[in-house]
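Chains as they are written, first to last, in this note's numbering: chain A, 12 to 122; chain B, 702 to 816.
To be clear, the hints were calculated from the coordinates, so they are not data collected in a lab. Cβ atoms here follow ideal geometry from the backbone N, Cα and C, with glycine treated the same way. Hints are supplied without guarantee of correctness; some may be wrong.
Residues from chain B shown here face chain A by an in silico Cβ test under 8 Å; the list is partial [said to hold, decoys possible]:
#  : residue
1  : G704
2  : P719
3  : G741
4  : H742
5  : L746
6  : Y749
7  : Y751
8  : G752
9  : G759
10 : L776
11 : A800
12 : Y801
13 : P804
14 : L805
15 : F807
Calculated pairs, SDA-like style, for lysine to any residue (alpha carbon to alpha carbon, straight line, at most 20 Å) [unchecked claim]:
#  : chain 1 : residue 1 : chain 2 : residue 2
16 : A       : K16       : B       : S708
17 : A       : K79       : A       : Q92
18 : B       : K758      : A       : S105
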Amino acid sequence: QQQVKQSPQSLIVQKGGISIINCAYENTAFDYFPWYQQFPGKGPALLIAIRPDVSEKKEGRFTISFNKSAKQFSLHIMDSQPGDSATYFCAAESSGSRLTFGEGTQLTVNP
Amino acid sequence: DAGITQSPRHKVTETGTPVTLRCHQTENHRYMYWYRQDPGHGLRLIHYSYGVKDTDKGEVSDGYSVSRSKTEDFLLTLESATSSQTSVYFCAISERAGAYNSPLHFGNGTRLTVT
């Protein structure tokens with residue numbers, strides 16, 4: 012039972028383009044939504060996170076958009092670079108629970 | 702990499718044999734976690750620890766046991782490995798409960814193959 016659904020499973024973008032990864036959740040108790048980035052042979056690392064009291068958070072080229080009513084959130088990577096090629100995981104957590112991860116998206120940015 | 706060492710990095714074992722994976726941290730963090738990563742499933746929590754000798758089950762704990770006798774070490778044991786336990790296993794640590802309060806830091810994983 013996957014509480015956080017992530018799409019697409021894989022994504023190919025040209026250098027300079029916008030990468031968009033989407034996640035949807037069912038549990039309305041979730042109140043923290045991080046994104047993790049994972050390079051081959053490495054563990055995931057926290058990239059950016061948002062709480063539901065804001066609709067958008069931006070850090071450099073990375074932006075999280077959050078739609079509380081639709082129970083969806085997405086990661087936008089502007090001006091995508093080959094160095095952004097990695098697997099991205101969305102996740103969600105509620106107070107007192109542990110992180111629940113999405114299935115992951117393998118992003119490839121072609122030069 | 703946040704002072705987390707997983708060993709071994711790779712292991713091939715046969716069905717029915719016991720396997721122990723080790724996670725060692727130098728950060729003195731209270732919380733430690735074991736996840737498995739499989740295609741199409743993302744990361745799923747196996748067990749976690751909130752202190753020495755204090756552990757609890759995650760969402761996919763069947764067939765796994767853990768032990769934490771020291772703050773720095775968290776062991777994951779497969780008592781009798783099965784092919785369904787072929788996976789990449791990640792250890793993570795955090796200073797406090799809740800990822801909002803204290804981000805998880807992951808090790809570089811152990812790739813386990815059960816033949």
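Hints, one by one, checked against the model:
no., hint, verdict
1, G704, "12 Å, violated"
2, P719, "25 Å, violated"
3, G741, "6 Å, holds"
4, H742, "6 Å, holds"
5, L746, "5 Å, holds"
6, Y749, "7 Å, holds"
7, Y751, "11 Å, violated"
8, G752, "16 Å, violated"
9, G759, "7 Å, holds"
10, L776, "18 Å, violated"
11, A800, "5 Å, holds"
12, Y801, "4 Å, holds"
13, P804, "5 Å, holds"
14, L805, "7 Å, holds"
15, F807, "3 Å, holds"
16, A:K16 with B:S708, "31 Å, violated"
17, A:K79 with A:Q92, "30 Å, violated"
18, B:K758 with A:S105, "17 Å, holds"
Consistency note: the structure conflicts with the earlier hints numbered 1, 2, 7, 8, 10, 16, 17.
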